[in-house]
Structure formats: structure tokens, C-alpha cells
Amino acid sequence: MKKYLALLLIVFSGILMASCGGNPSSEPVNTDKSAGQENNNHSAADGFLYTGEKIEIFIPEGWSYTDDMAGIKPDMGAGFFNMKRKGKEFYVMLKFQFDNSQTPEQYLGAFINNFPQYNPTPMKPETHGGTQYQTTSYVYGLPQTQYAAKINNTMITITVQGRDHAGDPDVRTILENIKYKL
Numbered sequence: 001m002k003k004y005l006a007l008l009l010i011v012f013s014g015i016l017m018a019s020c021g022g023n024p025s026s027e028p029v030n031t032d033k034s035a036g037q038e039n040n041n042h043s044a045a046d047g048f049l050y051t052g053e054k055i056e057i058f059i060p061e062g063w064s065y066t067d068d069m070a071g072i073k074p075d076m077g078a079g080f081f082n083m084k085r086k087g088k089e090f091y092v093m094l095k096f097q098f099d100n101s102q103t104p105e106q107y108l109g110a111f112i113n114n115f116p117q118y119n120p121t122p123m124k125p126e127t128h129g130g131t132q133y134q135t136t137s138y139v140y141g142l143p144q145t146q147y148a149a150k151i152n153n154t155m156i157t158i159t160v161q162g163r164d165h166a167g168d169p170d171v172r173t174i175l176e177n178i179k180y181k182l
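Residues 1 to 182 (my numbering) are what the sequence shown spells out, left to right.
Calculated directly from the structure, the hints in this document are not laboratory data.
None of these values were measured; they are calculated from a predicted model.
One or more of the hints may lead you astray.
[Said to hold, decoys possible] Simulated restraints, written as ranges between beta carbons of each label pair:
(1) Pro116 to Asn152: 16 to 22 Å
(2) Asp46 to Ala110: 35 to 41 Å
(3) Lys181 to Lys124: 26 to 32 Å
(4) Gln117 to Thr51: 37 to 43 Å
(5) Asn114 to Gly87: 18 to 24 Å
Even for Gly, the Cβ is constructed at its ideal location relative to N, Cα and C.
Use the sequences and the hints to build the structure in full.
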């Protein structure tokens, strides 16, 4: 049953990402380091810094987003933040699961055990933007990497999908510039 629920979540997320869009309401970020902007780790790509209720994230130019976190409270269970690169098979989905009793290792371990048909890689630690994640990579339609971290009793999972996503500068910039407000 858990396998079917997880598969349903993956399919639903893909459908949601295919239909997501939005106009940035934040001011563009000047990524010119000569301008004296502090703490600027962004790539040369233009974009803007989006500030939501529970997240601050750099959105590169050419990416759309939906923030389903607005008004989400811990007793509501979970919330999502989704991004999609226009015209390419790339998406980034952040899922926030409140009051989750699992550790990142347990969460990804269950995924690895429940979906051996996707040939997931063994878990390994990675740090992005100061946050320590456990990761596993697999293929479900397109190559994907799943990141999991626990912050203030909230399980954060990030799913990144797309060909060659691991070396993509936009994806790297997104991961390195996520700030959680939990």
C-alpha cells in the first residue's frame, strides 16, 4: 500500500509541476559581485530571491514556481514548494512534513527498500547552503535525486528531476541558496 501511495505522490507531483506557473512578485536579484552585495553565492544567471512564509529561495530566470506553503500550519501535515524550468524537463519539488518522527536516513531507507526497481543508489551525505542532507539517486522516467533533512521537527525532502540535473548550474544555485524559516 505504501508503494502505491508513494507512486501516486510522485505521479501527482509530476502533474502538478507540469501545470505550475507564476509571476515573480519579488524584485530581481543583482548577481553582480562588484555591486557589493553580501552573501551572494548565485551563479551568473539572472533571477530573483523569493521570500515566502517558510522558505527563501533563489529562482533562476526561466523557472516558474508555485508556493503551496502559504497559510500551512504544523497541524496540517505537509506543504509543498514547486519549481519548473520552462521548456526543459527539469523540476525541483520541496516537501515539508511537519511533526515527522522519521530521521532522513529512515525516510530514504524506506524509499530505497520499497522501490528497488528504480535502482536507487546507496544513501550518502551532502551539504548545500549549510544544510546537511542525506541523498539517493534513481530513475523514474527521468533521472532524479532525492534529498532529506530534518529541521526543527520538520522533515524536508527535495526531489530534483531532469537529465544531467546533478551538473546543472541552475539546480546547483537553487540548492545552495535555500534558507528555511521553520
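Hint by hint, here is what the structure shows:
{"no.": "1", "hint": "Pro116 to Asn152: 16 to 22 Å", "verdict": "violated (32 Å)"}
{"no.": "2", "hint": "Asp46 to Ala110: 35 to 41 Å", "verdict": "holds (39 Å)"}
{"no.": "3", "hint": "Lys181 to Lys124: 26 to 32 Å", "verdict": "holds (27 Å)"}
{"no.": "4", "hint": "Gln117 to Thr51: 37 to 43 Å", "verdict": "holds (39 Å)"}
{"no.": "5", "hint": "Asn114 to Gly87: 18 to 24 Å", "verdict": "violated (33 Å)"}
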